[in-house]
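Participant: Protein chains in written order, with this note's numbering: chain X, 1 to 239; chain U, 1 to 304; chain B, 1 to 287.
Hint data in this document are derived by calculation from the structure and do not stem from the laboratory. All residues carry an ideal CB built from backbone N, CA and C; glycine is no exception. One thing to keep in mind: the hints can contain errors.
Claimed, not checked - Some chain B residues flagged as far from chain X (calculated, every beta-carbon gap over 12 Å):
hint : residue
1    : Tyr85
2    : Ile93
3    : Val153
4    : Met169
5    : Met184
6    : Val191
7    : Leu268
Unchecked claim - From the structure, some residues in chain U lie toward chain B, with a derived Cβ separation under 7 Å:
hint : residue
8    : Ile47
9    : Pro93
10   : Tyr101
11   : Ala103
12   : Ile159
13   : Leu161
14   : Arg163
15   : Ile165
16   : Leu196
17   : Leu271
18   : Gly275
Said to hold, decoys possible - Below, a list of computed lysine to aspartate or glutamate pairs in the EDC-like style, where the Cα atoms sit at most 20 Å apart:
hint : chain 1 : residue 1 : chain 2 : residue 2
19   : B       : Lys84     : X       : Glu74
20   : X       : Lys138    : B       : Asp177
21   : X       : Lys68     : X       : Asp80
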Amino acid sequence: MRSKALLRGSNIDVFHGSFQALWDVSLSVNSGEIVAIIGANGSGKSTLLDTISGLIHPAKGSMEFEGKNISALEPFQIVDLGISLLPEGGRIFPDLTVLENLKIGSYNRKARPESTENLQRVYQLFPVLETKKPRLAKTLSGGEKQMLALGRSLMSNPKLVLLDEMSLGLAPLLVNDLYKTLQEIRTRGITILFVEQNVRRSLAEADRAYIMETGRIVLSGKVDDLREEEKVKKAYFGT
Amino acid sequence: MIGATVMLALFPMIGVPRVWLLYLFLFFIYLALANMWNLLAGYSGLISLCPAAFIGLAGYTMAILTWVGWPYYIGIILGGIVAAFFAALISVPVFRMKGIYFAIGTLVVPEILRYVFTLWAPVGKPVYGGGAGYMVKGVSEVSQAQIYWLAWAVGVASIFLMRYILRSKIGSGLAAIRDNDITAASAGVNVFKLKLYSFVISAFVTGLAGAIFYSLQGYIEPVSAFSVRWLIIIMLATVIGGEGTEEGPIMGTIIAVFLYFLLARYAEISLIIQGIILVAIMLLAPQGIMGFIRETRIYRSLVQ
Amino acid sequence: MSLLVDLATPIAMGILLGGLYSIIALGLSLVFGVVKEINIAHGDFVILGSYFGYVAMTVIGIDPILSLIIGIPLFFGIGFAIQKYLLNRAFRISMDATLIIAFGISIILQNTYQLVWTALSRGLTTSYALESFSVGPIHVPLVYLLDLIVAIVVMFFLREFLRRTYLGMAIRAAAQDWKAAQLMGISTNRVYAVTFGIGTALAAIAGVFLGLTFPFTPVSGMPFLIIALGVVVLGGLGSIAGTLVAGMAFGLAQTLGGYFFGVTAQMLVAYMMVLVVLTVIPRGIFR
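All chains, full assembly: derive it from the sequences and hints.
Facilitator: Below you can see the structure in the form of structure tokens.
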């Protein structure tokens with residue numbers, strides 16, 4: 001069967017030094033989907049995103065994007081191919097202005113020509129960023145910083161956006177807004193893979209989900225199917 | 001091992017060629033220096049760029065004391081003590097500097113001392129006009145064999161000293177610090193005290209070796225006493241042999257001093273080559289010879 | 001009142017000299033701020049710039065400042081290559097490795113100078129290097145003024161480059177968060193190499209003006225490295241203006257130290273100040 005998956009990871013093993021963080025992890029994300037990776041702290045979900053984006057290289061197994069093997073590529077090359085990671089905590093550049101943060105998002109060659117258009121689109125999604133454009137990023141509130149991080153990750157014209165715990169530490173209303181924005185981003189044809197601890201939220205927003213525990217994928221499937229097993233999950237995560 | 005050591009001690013008596021003796025003399029001096037540098041860089045996580053400070057300071061102490069009538073061998077011991085004391089003194093500001101700043105701080109110290117000793121002539125009139133160089137009085141009558149034995153003593157002692165320290169509580173504390181300062185501190189290791197001990201002990205032995213060297217040379221002057229050239233051979237010896245290993249400095253010093261001898265005629269080129277070798281080794285074989293050996297199966301099977 | 005008049009010249013000279021010190025420190029500071037490595041061979045690169053100017057002047061016959069037209073790109077290339085092929089590799093081994101390698105490079109450079117040009121003291125003795133001018137009671141060598149002017153010009157261009165170009169933004173981003181920078185599609189290896197190249201090019205400029213201001217020998221790199229280190233730490237990482245002010249502080253320390261304690265002691269005063277600065281200035285997390 002021909003794989004039409006946008007992203008496919010097969011039998012990935014990842015080590016941090018001598019400690020094995022990912023065990024035989026396989027996943028796939030199809031174009032246009034929203035997929036969630038759910039797990040508690042230490043389950044390996046951040047490591048998985050780091051591996052996809054090239055910050056870490058798998059010891060075994062392969063990662064393919066649009067059919068191309070990206071396991072050995074450096075992060076900047078992977079951004080060029082169309083994957084954008086919003087890391088945990090956002091990691092905006094504190095001493096650059098809001099505008100500079102956004103502009104640096106379109107650093108890679110392919111995205112630069114469309115930088116102005118992308119900027120307008122980001123302003124549409126997050127008007128507050130336009131109002132605060134000359135301000136240093138470190139002066140923003142927590143929610144605004146996350147919006148900036150999300151906007152910045154869209155500036156590189158990604159086909160696939162990876163979000164690492166986007167809602168961490170944010171007020172629920174804000175989180176609602178952010179996820180609404182995600183749905184809007186999806187309508188623009190961007191595929192989304194996000195990592196979350198909150199089970200209910202994840203199942204509400206995603207089409208499919210993977211559940212991780214101590215570096216392994218223990219459950220996966222369409223969100224509706226997974227909900228049937230929610231009782232098991234409720235016991236596990238107590239959400 | 002013990003046999004070889006004893007034999008080396010007997011060399012002066014059995015009429016071994018002078019060149020050999022000179023090589024061995026330098027070997028033992030640099031062995032002590034390399035071991036002490038390894039104690040700091042390889043085991044305590046302190047890259048010290050100031051061994052020359054202790055060498056020069058001890059050398060000057062010894063030389064100046066001979067002008068006041070004290071025999072050179074007393075001067076050597078006092079030189080070591082002065083160096084140790086100085087180390088304790090500067091440890092207060094210098095240890096406040098973390099990581100790279102420590103290296104910078106230690107870079108400045110020999111320079112300052114060089115200045116001080118160029119301007120300051122504590123006894124008599126300096127032999128070299130302007131700069132304060134000193135002849136070492138009373139050494140010309142002393143047999144070279146005596147001084148050779150002192151070098152032998154300090155070189156061998158440094159090996160045993162390293163052995164002892166590394167197997168003691170200090171050693172395990174240092175291992176913890178080398179891996180991670182902060183973790184070690186939270187585990188109850190008194191980081192400052194241990195670093196201080198290593199620094200002071202290292203300074204003491206370094207000073208002894210330096211003073212012994214100047215006893216043989218017979219004169220001392222500020223530019224070469226505090227020069228960075230001490231450091232290059234020390235670094236080369238430790239790195240070639242393998243930082244953070246006990247045997248490393250021994251093997252490294254054999255090679256480094258041999259290299260120095262081989263190229264001594266060609267002054268600048270010799271140093272350029274040493275610099276190139278240092279860079280090459282750090283890039284290609286940073287673990288040094290010992291590190292390389294440890295990776296081989298033969299060693300592993302022996303150790304198991 | 002008379003003291004003030006007497007002090008006027010050393011104060012003026014100290015401030016102007018600060019210009020030279022700040023250019024010397026600028027390359028060091030940039031590399032330290034972005035790549036987080038202290039290049040202890042920086043002083044020797046500066047002297048390489050001095051010798052480059054010397055060769056331009058004595059062998060080819062062009063004015064050393066003019067020779068920078070070639071010197072700047074040349075030194076940029078050298079620095080770029082060194083970071084790309086030597087130091088980037090050293091990083092992956094350990095922080096200590098970069099220090100030791102920089103030390104090795106320093107030894108190689110110093111002794112190459114000794115080999116080629118001997119230990120004889122050299123100077124870039126152009127016609128204008130020997131001129132001086134007076135403003136009221138102040139009597140100052142012309143080059144000192146040139147040093148300050150060049151420092152300000154160079155800093156201006158550097159600031160504009162960092163602010164207005166994508167590459168400049170990338171360098172600043174990498175300095176703040178190199179992981180996040182990578183996620184923006186920035187190749188940190190390349191940014192580091194470019195930064196080191198700029199640092200070396202700045203060393204070339206500093207070297208030429210140093211040669212115009214003072215005589216130099218193969219081992220002159222060290223004293224200036226030490227002062228530059230003090231300037232970098234005092235001025236604050238990443239602050240161009242801070243480097244300028246700190247440079248002036250050290251310039252003043254030297255000239256005033258010379259005035260009060262005698263010419264031979266002036267470097268000593270500067271060194272002591274470096275030690276004090278290193279001890280007292282609070283540390284941030286290093287990498």
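Participant: Tell me the numbers of any earlier hints that the structure contravenes, in ascending order.
Facilitator: 4, 5, 6, 12, 13, 14, 15, 16
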